[in-house]
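*Asks:* Position chain Y with the ligand relative to chain D; hints supplied.
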Amino acid sequence: MGGTDPDLPDGVHLTAVDDLFAWGKEHSLFYLLFATACCGIELMQTGGPRYDVDRLGMIPRATPRQADLMIIAGTITHKMASRVRTLWEQMTEPRWVVSMGACANSGGPFSKASYSVLNGVDKVIPVDVYIPGCPPRPEALIDGVMVLRERVRRYRTLGLRDRDPQVIAGADDDFGTHPGKA
Amino acid sequence: MDADALLAAVQRTVPEAVAVAAGPGRYLLVPAAAVDGLMLRLRDETELAFASLMDLTGWDLLGMPGAEPGIAVGWWLESPRHRHQVAIRVHLPREAPAVASVAALWPVAGWWEREVYDLLGVHFSGHPDLRRLLLPEDWEGHPLRKDYAYPVAYRGVAHARDGQRFAAPPAAKPKPGGA
Ligand code: SF4
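So the sequence lines, in the order shown, correspond to chains D and Y.
Numbering follows our numbering, with no gaps: position 8 of the first sequence is 8.
Numbering follows our numbering, with no gaps: position 157 of the second sequence is 157.
Keep in mind the hints are simulated off the structure, nothing from the lab.
Computed from a prediction, not measured in an experiment: that's the story for all the values here.
One should not assume that every hint holds.
With a straight-line Cα cutoff of 25 Å, these simulated SDA-like cross-link-like pairs (lysine to any residue) come out [unchecked claim]:
1) D:K79 with D:A37
2) D:K112 with Y:P143
3) D:K123 with D:L87
4) D:K112 with Y:A153
5) D:K123 with Y:P143
6) D:K79 with Y:E115
7) D:K112 with Y:G63
8) D:K123 with D:R85
Restraint ranges, calculated between C-beta atoms of paired labels, are given here [to be verified]:
9) Y:A149 with D:E89: 29 to 35 Å
10) D:E150 with Y:L62: 52 to 58 Å
11) D:I59 with Y:D138: 35 to 41 Å
12) D:R137 with Y:D147: 37 to 43 Å
Partial pick of chain Y residues on the chain D-facing surface, computed with a CB cut under 8 Å [unchecked claim]:
13) A34
14) L135
15) P136
For each residue, glycine too, the CB sits at the ideal point set by N, CA and C.
Pulled out of the complex, with its shape left as it was, chain D reads as follows:
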């Protein structure tokens, strides 16, 4: 980020505004405290003392209006889908979505035999990073967040938003194909 000009006094840096913003956003990804099924337990564990995502600047927020990141942790039913959409719409740009676990990616264990489960949350909101697993361990979630941070760093205030989803390593065909996956 930026460079140091020898003519400037100590502690003064020159940088592009976007770089400064990106640095700030990347290190303060406040996430929405929202979970719908068993993956939520791993999300809580990730926020707990052992994995402690607070140290990455990830603080849970109780309202979407204060959140930058929505982690879809769990099964989304058709009934819940419109609520998920509403929550997402209440977040301010730039907003990010991580789809955590097989259910949120593609309906997972319920994709073939359930009449009421939405087969992938990307049918109702755009997803930035998909994390495979049923459930993914906290390490996998943190890995996904690291991938997302790359993307946050590339984000430009005046520029087109990179909307192609990213599938982190291991997200295999077991969980269905994902749009944007090569």
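*Replies:* Chain Y with the ligand only, in chain D's frame:
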């Protein structure tokens, strides 16, 4: 009261009730029209005193060996005072099944009846607020019916993923033991 005396006492109240053996126990199959009066007496007669409704559920009899196609509804009652239990069952037609609500007798039945209405389409007459419990209000059909057709889309969101055709799961194998 032992089981025989209990069944006899219930049958005095509803002469049409038939005791049917099921596994280690028995249940009483009663005509749907008798449910309304029967339940009040089961709860209030001193020798019966079924103060507690332990469960209320329904299921589809389609394809069950030895059963007429229909919808079954069952009530499981318990008397904490006498420590006895009874299982009551009705068989309803698949077309517009209806039976009396017991929500006024045991308030706990309110949500159970809504669930059975939601998933099987049984109409509980006299229920104070018979709406779907689990599925959205505008859902079509009752999914625990065995001939239920899976939705193609709900509110414009396709059910299948990436154009794959969605097929209902294979029909369940008939269980031994009948209805
Ligand atoms: S992916 Fe697995 S662990 Fe996660 S919500 Fe679905 S069933 Fe539960």
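*Asks:* Now look at each hint and say whether the structure bears it out.
*Replies:* Results for each hint:
For the hint linking D:K79 to D:A37, the alpha-carbon distance of about 14 Å falls within 25 Å, and the restraint holds. Note on D:K112 and Y:P143: the hinted pairing holds, with a Cα-Cα distance of about 15 Å set against a maximum of 25 Å. A threshold of 25 Å between alpha carbons decides the hint, and for D:K123 with D:L87 the separation of about 15 Å falls inside it, so the pair holds. At roughly 14 Å between alpha-carbon atoms, D:K112 and Y:A153 fall within 25 Å of each other, so this suggested pair holds.
Only pairs whose Cα atoms come within 25 Å are accepted, and D:K123 paired with Y:P143 is accepted, the gap being roughly 22 Å. Taking the CA atoms of D:K79 and Y:E115, the gap is about 16 Å. The hint holds against a cut of 25 Å. The straight-line distance between the Cα atoms of D:K112 and Y:G63 is roughly 23 Å, inside the 25 Å bound, and the hint therefore holds. For the given pair, D:K123 sits about 10 Å from D:R85 by alpha-carbon distance, which is consistent with the 25 Å threshold.
The hinted window of 29 to 35 Å between Y:A149 and D:E89 holds, with their beta carbons roughly 32 Å apart. Between D:E150 and Y:L62 the C-beta distance comes to about 54 Å, which sits within the given range of 52 to 58 Å. Range check, D:I59 to Y:D138: about 38 Å between beta-carbon atoms, so the 35 to 41 Å window is met. A hinted range of 37 to 43 Å for the beta carbons of D:R137 and Y:D147 is consistent with their spacing of about 42 Å.
The criterion of a C-beta within 8 Å of any C-beta in chain D is not met by Y:A34, whose closest approach is roughly 34 Å, and the hint is violated. Of the supplied interface hints, the one on Y:L135 holds, with its beta-carbon coming within about 7 Å of a beta-carbon of chain D, less than 8 Å. Using the Cβ-Cβ criterion of 8 Å, the hint placing Y:P136 at the interface with chain D is satisfied: the shortest such distance is roughly 5 Å.
Violated hint for the displayed structure: number 13, the only one.
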